[in-house]
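Chains as they are written, first to last, in my numbering: chain A, 99 to 371; chain B, 99 to 371.
Read the hints as simulated data drawn from the structure, not as lab findings. Predicted model, so just to flag it, every value in this text is computed and none were measured. The reader is advised that the hints may include incorrect statements.
Identical chains share a label here; the pair holds if one copy fits it or two copies do between them.
Claimed, not checked - Below 30 Å or equal to it, Euclidean Cα-Cα: the simulated DSBU-like pairs (lysine-lysine) are: (1) K126 - K295; (2) K292 - K269; (3) K234 - K126; (4) K277 - K348; (5) K269 - K256; (6) K269 - K104; (7) K259 - K277; (8) K277 - K369; (9) K234 - K357; (10) K364 - K256; (11) K292 - K104; (12) K340 - K369; (13) K234 - K259; (14) K369 - K292; (15) K292 - K259.
Residues per chain are reported as follows:
Protein chains: 2
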Amino acid sequence: MHFLKKFKQALRETNSHLVVGLDTDITKVPQFLQTAVNPIAEFNSLVVEATKEFTCGYKLNVAFYERALERGLSAIQSTLAVIPQNQITIADAKRGDIENTTELYAQTFLDEFGFDSITVQPYMGQDSARPFLRRKNKYVWILALTSNYGANDFQFLKIGKQPLWEVVVEKAVSWNDQKIGFVMGANHTRELEKITKNLPETPLLIPGIGAQKGSLEKTINSLNHSLFVINQSRSIIYSAPKAQNAVEFKAIVGEAAQKARDEINKLIDSKKK
Amino acid sequence: MHFLKKFKQALRETNSHLVVGLDTDITKVPQFLQTAVNPIAEFNSLVVEATKEFTCGYKLNVAFYERALERGLSAIQSTLAVIPQNQITIADAKRGDIENTTELYAQTFLDEFGFDSITVQPYMGQDSARPFLRRKNKYVWILALTSNYGANDFQFLKIGKQPLWEVVVEKAVSWNDQKIGFVMGANHTRELEKITKNLPETPLLIPGIGAQKGSLEKTINSLNHSLFVINQSRSIIYSAPKAQNAVEFKAIVGEAAQKARDEINKLIDSKKK
Numbered sequence: 099m100h101f102l103k104k105f106k107q108a109l110r111e112t113n114s115h116l117v118v119g120l121d122t123d124i125t126k127v128p129q130f131l132q133t134a135v136n137p138i139a140e141f142n143s144l145v146v147e148a149t150k151e152f153t154c155g156y157k158l159n160v161a162f163y164e165r166a167l168e169r170g171l172s173a174i175q176s177t178l179a180v181i182p183q184n185q186i187t188i189a190d191a192k193r194g195d196i197e198n199t200t201e202l203y204a205q206t207f208l209d210e211f212g213f214d215s216i217t218v219q220p221y222m223g224q225d226s227a228r229p230f231l232r233r234k235n236k237y238v239w240i241l242a243l244t245s246n247y248g249a250n251d252f253q254f255l256k257i258g259k260q261p262l263w264e265v266v267v268e269k270a271v272s273w274n275d276q277k278i279g280f281v282m283g284a285n286h287t288r289e290l291e292k293i294t295k296n297l298p299e300t301p302l303l304i305p306g307i308g309a310q311k312g313s314l315e316k317t318i319n320s321l322n323h324s325l326f327v328i329n330q331s332r333s334i335i336y337s338a339p340k341a342q343n344a345v346e347f348k349a350i351v352g353e354a355a356q357k358a359r360d361e362i363n364k365l366i367d368s369k370k371k
Numbered sequence: 099m100h101f102l103k104k105f106k107q108a109l110r111e112t113n114s115h116l117v118v119g120l121d122t123d124i125t126k127v128p129q130f131l132q133t134a135v136n137p138i139a140e141f142n143s144l145v146v147e148a149t150k151e152f153t154c155g156y157k158l159n160v161a162f163y164e165r166a167l168e169r170g171l172s173a174i175q176s177t178l179a180v181i182p183q184n185q186i187t188i189a190d191a192k193r194g195d196i197e198n199t200t201e202l203y204a205q206t207f208l209d210e211f212g213f214d215s216i217t218v219q220p221y222m223g224q225d226s227a228r229p230f231l232r233r234k235n236k237y238v239w240i241l242a243l244t245s246n247y248g249a250n251d252f253q254f255l256k257i258g259k260q261p262l263w264e265v266v267v268e269k270a271v272s273w274n275d276q277k278i279g280f281v282m283g284a285n286h287t288r289e290l291e292k293i294t295k296n297l298p299e300t301p302l303l304i305p306g307i308g309a310q311k312g313s314l315e316k317t318i319n320s321l322n323h324s325l326f327v328i329n330q331s332r333s334i335i336y337s338a339p340k341a342q343n344a345v346e347f348k349a350i351v352g353e354a355a356q357k358a359r360d361e362i363n364k365l366i367d368s369k370k371k
């Protein structure tokens, strides 16, 4: 199924704009899981069980899995296997290289692991996206305006009258307007307002809420369309550091996800009034 | 040892500006190696044995190793173990993320695997470099002007009077002028001339010769300093596709590396006259 179709269906069926970020740091996994053969895989399995009722999908930041070497590889595979088929999966790999090399990243993340979509660095241009776009039912989230302070180094530089991030968006849309969405930090409300107005059919992946301290209300209020997902990681997955067992862990983490999902929906509903 | 010192020493001691790119695709490994437990590791081991006399160092494009999953991880480790201690190693990972996440990449590539240096995407700004820079003897190669056709998408965009790639270079140098060098494609001779004139002490990693068809003579003639390495991969490592055994393989591949090293040195010497 074409990703855009899957995405819209997921938003509808799950009634959720929440994507849980499985940025699983083995040093932050609760004590009771530390003796597992693969603590990261176990942790993720419990988080997915606890939260899948409340999510539209999951985003795995690949850095955390690379850090765990073989067990990280294994955890990616086992985690993807337990995520419900109708939810979206995002490889937050922020990859980008020349075409032949990017083709290998596409083989690894999209073909081998089976992620629906992947985040991509725009700097090297079209070659960094094309191999991913060649896959029929896959999707690319290009970094446009990121949530970190380093966004100020280059992303606001003016090309004529337009900031670089906007030029990136326009250029990327010209490559493929059905299979490319953008990563836009939650804190950039003015720009979110602009991009959702200019591109009412273009999905957005929005990180930067939760531990990164974006304001959810301001963010939701800035959006002019509803084809977006809000990523939250630490505030959900690490909400039960002292849990003594799986039951306790899932209760707390599930509640955190439910709360996050409901908060987003409530703010969306208030807008409509 | 501070990387800059190691780099200058390596250039001197090896009398080579050649870096061999170990972009090892398992489907291109000769028949006689296909039955090895880890063909990529074996192939690399033979390439290093055959070429180390002629190289300043080695660059591993991480995409090839990720594609090989567990065996790729293992091959990175075994390959680094056989590279001579005085030569430089480059993780061509083109990584970049928010600070906390980039820290994990630094732990993986610089601490765990022990690469001397890593290639980095500039788009997300300083956060994508800082964790790598925190490691005392490590080094960052920031993508400035890349060799692929997609470089034309954004890297030449004008910020006022300056192209983006130049703004990236100036900004990065302001973060740290001792631990940051740049990736500049061999085909961009006019820009190579400019950057080596403006920054006579700043190392460059130059890909795009060989299979990517840059002209070595034009490239060498454009350089105003000698703190550079030229990366060549496919023209060396895949020069012996029909080799029947290790001895034959190493003879051919070694000769290809020697030829490449000598060609570069000859062109440098001709300049001096």
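Hint by hint, here is what the structure shows:
1. Proximity of K126 and K295 under a CA criterion of 30 Å is satisfied in neither setting, with 40 Å inside one chain copy and 48 Å between copies.
2. In this assembly of identical chains, the alpha carbons of K292 and K269 lie at most 30 Å apart whether taken from the same copy (16 Å) or from different copies (28 Å).
3. For the identical chains of this complex, K234 and K126 are inter-copy neighbours only, at 26 Å across copies versus 37 Å inside a copy, given an alpha-carbon limit of 30 Å.
4. Within a single copy, K277 and K348 get their C-alpha atoms no closer than 35 Å, and across copies no closer than 45 Å, so neither meets the 30 Å cut-off.
5. For a Cα distance limit of 30 Å, the shortest separation of K269 from K256 qualifies both inside one copy, at 15 Å, and across copies, at 15 Å.
6. With identical chains, the CA atoms of K269 and K104 are at most 30 Å apart within one copy only, with a shortest distance of 25 Å there and 41 Å across copies.
7. In this homomeric assembly, K259 and K277 come within 30 Å of each other (Cα to Cα) only inside a single copy, at 27 Å, whereas the closest approach across copies is 34 Å.
8. Taking CA atoms no more than 30 Å apart as the test, K277 paired with K369 passes inside one copy only; the shortest distance there is 28 Å, against 49 Å between copies.
9. For a Cα distance limit of 30 Å, the shortest separation of K234 from K357 qualifies neither inside one copy, at 35 Å, nor across copies, at 43 Å.
10. Taking identical chains as interchangeable, the C-alpha atoms of K364 and K256 are never at most 30 Å apart, the minima being 37 Å within one chain and 43 Å between chains.
11. Only within a single protomer do K292 and K104 lie at most 30 Å apart by alpha-carbon distance; the minimum there is 25 Å, versus 49 Å between protomers.
12. For the identical chains of this complex, K340 and K369 are neighbours neither inside a copy (37 Å) nor across copies (67 Å), given an alpha-carbon limit of 30 Å.
13. In this homomeric assembly, K234 and K259 never come within 30 Å of each other (Cα to Cα): the closest approach is 36 Å inside a single copy and 41 Å across copies.
14. With identical chains, the CA atoms of K369 and K292 are at most 30 Å apart within one copy only, with a shortest distance of 17 Å there and 53 Å across copies.
15. Taking identical chains as interchangeable, the C-alpha atoms of K292 and K259 lie at most 30 Å apart whether they share a chain (15 Å) or sit on different chains (27 Å).
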